[in-house]
Amino acid sequence: MPVFNQSRSRVIQIIFAIVFIIIAAQLTNLQVFSKKYKLQAENNAIYRKVIYPDRGIIFDRKNKSLLENSIMFDLVVTPAEARGIDTLALCNLLDIDTAEYKRRMRDIIFKNTSVRPSVFEPLLSQEMYARLNENIYKFPGFELSERSVRTYPFHIGANFLGYTAEVNPAFLTKHKDEGYEMGDYTGMTGLERTYEKVLMGQRGIQRFIKDNRSRIQGSYENGLFDTAAIAGKNLYLSLDAQLQALGEKLMTNKVGSIVAIDPNTGGILCMVSAPTYDPNYLTGSERSRHFNKLYKDPRLPLLNRAIYTTYSPGSTFKTVVGIVGLSEGVIDERFSIVCNGAFWGCGNGRPKCLDKGTFNLTSAIAHSDNTYFATVYKRILDQQRYGGADSALKVFNSYAYTFGLGHRLGIDLPGEQPGNLPISSYYRKIFGKNWNSCNVISNAIGQGEVSTTVLQLANVMATIANKGWYYTPHMVDSIEGKEFDYLLDRFKEKHLTDSAIPDSVYEAVQNGMQGVMEYGTGAAAQVPGVVVCGKTGTVQNFYHGVAQKDHAFFGAFAPRNHPKIAIAVLCENAGFGAQSAAPIASLMIEQYLKDSIPEPDRKLKVEEIAKLNLIPARMKAEMNRLDSIKLKREEEQNRQNLQEQLLDSSGTETTETLLPNEVKQQPNHSLPNQPNKKKQQPLTMAILMTDHKKKKIFQFNA
Amino acid sequence: MHRNYHSTQTISSGIDWVIVAIYLILVAIGILCIFMVEYKPNTDVLASFISGKTNYSKQLIFAGVCLVAAIFILLTDSKIYTAFANLSYTLGIVLMLATFVVGRSINGSKSWVPIGGGFNLQPAELCKIFTALALAKYLSRQETDFSKLKSQLIGGALALAPAVLSVFQNETGLALVYLSFFIVMYREGLPPGLLIFGFSFAALVIATLIVEPNTLALALTVIAVLTIYFVRKQLKRNKRLLSIIIVLWALSVGIQRFAVPYIFNNVFQCYQSTRIYSMVGKDYDCSKNHHHTNSSKANYKPPRKPDDYNVRQSKIAIGSGGIWGKGFLKGTQTRGKYVPEQHTDFIFTSLGEAFGLAGSLFFLLIYLFLLFRIVNIAERQRSTFSRVYAYSVASILFFHIVVNVCMTIGLFPIIGIPLPLISYGGSSLLTFTILIFIMLRLDADRQMVLR
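Heads up: the protein sequence lines correspond to chains A and B, in order.
Numbered by this note's numbering, the letters in the first sequence go through residues 1 to 702 in order.
Numbered by this note's numbering, the letters in the second sequence go through residues 1001 to 1451 in order.
Hints in this document: simulated from the structure, not taken from any laboratory.
Treat the hints with care, since some could be wrong.
Claimed, not checked - Computed footprint of chain B on chain A, listed as stretches where at least three residues anywhere in the stretch have a Cβ under 8 Å from a Cβ of chain B:
no., region
1, 16-25
2, 41-52
3, 197-211
Each residue gets a CB set at the ideal place from its N, CA and C atoms; glycine is no exception.
Start from the sequences and build out the full structure, keeping to the hints where you can.
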């Protein structure tokens, strides 16, 4: 019997041990082999707070900051903690109604759950911030969170600086692995976008322990794993803020752009796109309303015309034709031609020329003689040694290509357009395979299919100034620190034009361009005491097939001997190039070279041009139309408000006496003409080039 | 003088100091665990320990009270336990019955009796001690022959009567604890077949839950056919064997096909079935539940958190501890209060998270050592009463530990029973203290024959 009992106590002990072993096995399984619990625990309990670094500052060439950071406040809510607050009081502070409050809450909870903080009202105005700050303690779950916002002390450069905006879901899916989160801001356009990586800096992360209701309990591991935010790096531009400011002033009430390049470095000295807007306009609480307004403006102020819009280069292209002609040997510097009013090389008297007389290269450039360059262009394409227009055009294009035409130059701004150098296959489609130089003769004078950006034209000027080379035009001269220098490497690479072109060719063209300023079409645009080489251009253009007033073009560089600035100016639909574009260029050159415009009459000229309104009639009409629609809408709104007020505040009897006559007669009158029912014209703007099939007549060539 | 000398002699002599040491260590660990759960940074630890406002300082006070009770028990005479065993058991049963009349509902179970001063008594808790004493008393009677079926039935009835009452009080967890007395009765002569039968039955129930019904039926059939094939030679000699196999097969399939689904759908409440199913990783369809469809069609509220929320959080806390743990007070899940009821039923998670596998195993080894030590103490008793009582203590502790720990690591459905000496709660601590120290008192008099 004791033996039996002994064994039973053993059995009981064995049962104890086995059960404990099973527990130990499960513990080992959970704690050693299942990795998922560690991860789940972290997701549970660790709150990662992103510390935003200061975004990098952008300076001009004289170390003036074009933009700075300032603090604004967002109203942030954690819906789970914001229960039972006085919703009505908050709505009154925010000037919204409770329906709007509920809608926003629903959206926030849907997008970002109710336990995580989300932005309820971004970028509060000064006044609203003051109001909320006093009362925020009444609204648990709501807090004011700092956000760094850009401010622009000089109010310039909106077109190339770009703006930052909150990332959208599409952006997040596209940049999945770059650590952006809902509510982050990123550079959307301009330098902010190109140099986003440089400017954004490195975000810091603080880890906190949070509890089951997402309340912060304290730092995790005393901040052992926290990383500090590293401020974004500053950008130093080659841009001259004063020059930019002057350019924007001169372009007031005009549509067009100015690009100035330092030919020695390729650095952009100024890039104006007109009309423009104060970049401060797109920061702060009113941002979306302002953006909407700019977006709807028929003058398209959000467009960076300097690099995005392409134009026929007009007569400024003649410089390139001349250089190619000389290099190809189809003409020499002594070659001259008589123009009796038109070019008859193709038998139809087109294009016409304005000044009759005898021209050599220099005077042909100076007076912008169409016949001369039509002849040169025809000779280039008709060269026997290339055995046909196809391959001759290829040769011509390969020259033009080395001047930076027909392809993106690669400026450090998003959205640059390549322009166009037409190729033979395009002409074959239109004119058949036996097309000849006469079919495309309008290219000789920069009309036709050739198109360039203003940037490309400025670059052509820089290339001529340098006598055969250029650096890729760029905004950023240097970046703080060494880390991102690789981004600028490509701007240190010299691009050479065809080595077959001797310096003498450039001398000849420069002579002509100097002539332009001294006795030619640009005589009105001289800069006192500076030898400027320039070239005017007047560009025929069409909008939806309708001929518009000509674009005024001007390209120049100065001083001739040691060029410091190359510039291209374009005023859309401003008429003859010498009247607007040329004087603007001359003032810009003077400002840059002398650092100011000293003489009183020149100062007067600045004001005079700034006042000049050259907004195209087409856009004016469109603006008026929109304004009147808006006005009508406002009127209707006011009337309706009045009506509602009256009906609300008083009983029917008093209404009788109070109502204005017209309202009384039709108390329920519905709006008679809903303006938004009118079909709106699409607000797109296209620069149409001459249509060869229709064989438009070239009336002007300056 | 002489009396004084004698009394000090009786307190200290014969006391098993090892058990006392383990007891103190476990209580200390318990307070430490509660401290880990409640700890908030930037508070004066010492002050809050004294304040009596936090749970750990309350537990410290409870421990002090228990110490007084323990000393009091050690000062008593062993004979009173045999003398009052039956009376206390009767009292316990009466108290439990009283709950149906004057009971108060706390946490959904009407098992508490208010005793004034804001304190409530849970008779089922105390009844564990009384049952242990009564069972010991019954088995130590000279006229009891436990090899007889009648005695076994009476013993079983003694153990199960409070359990049945507990079930009616809606305290399933406490009721299950009374099953631990079967370990004691096994030691005292219950046929081992019962134990084997119990385990097989458990295995069958679990298999029913996990395996698809038809597959299991097929598997059982295959097992039966194979058994017949392997024992075909014995079958010729013993015709009864075949009928036994067939009856067992029919019984198994019957349980699997009808009994288990019936119990889950008609006996258990919806939430109980759901918990048991979720433990094996399955969803239970509440619409099949008899109670559910009957009682709460109209005002059925879907559970706010998924039913396995507790287990999941508990497993996350323990699992994230790793081998060596996150360190004292560094448990993120503990500090974030992710595990519900962490200071009471889920106290083991704080340990698992902070000290990892190493700490948990060390802790379990302390428990296992305690259990083995109690078994050894039981076996060295001269009187059956002391032996049965000691085994009862070991079994109750074992059952509590295993069910509680298995619950936190997902091996057992959630039933609210505390981890002995560790979980927060005065009455639980007091019960186990009394349980253990009566045993120590009896053990000190192990040379006596108590009946």
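So which of those numbered hints doesn't the model satisfy? Failing hints: none at all.
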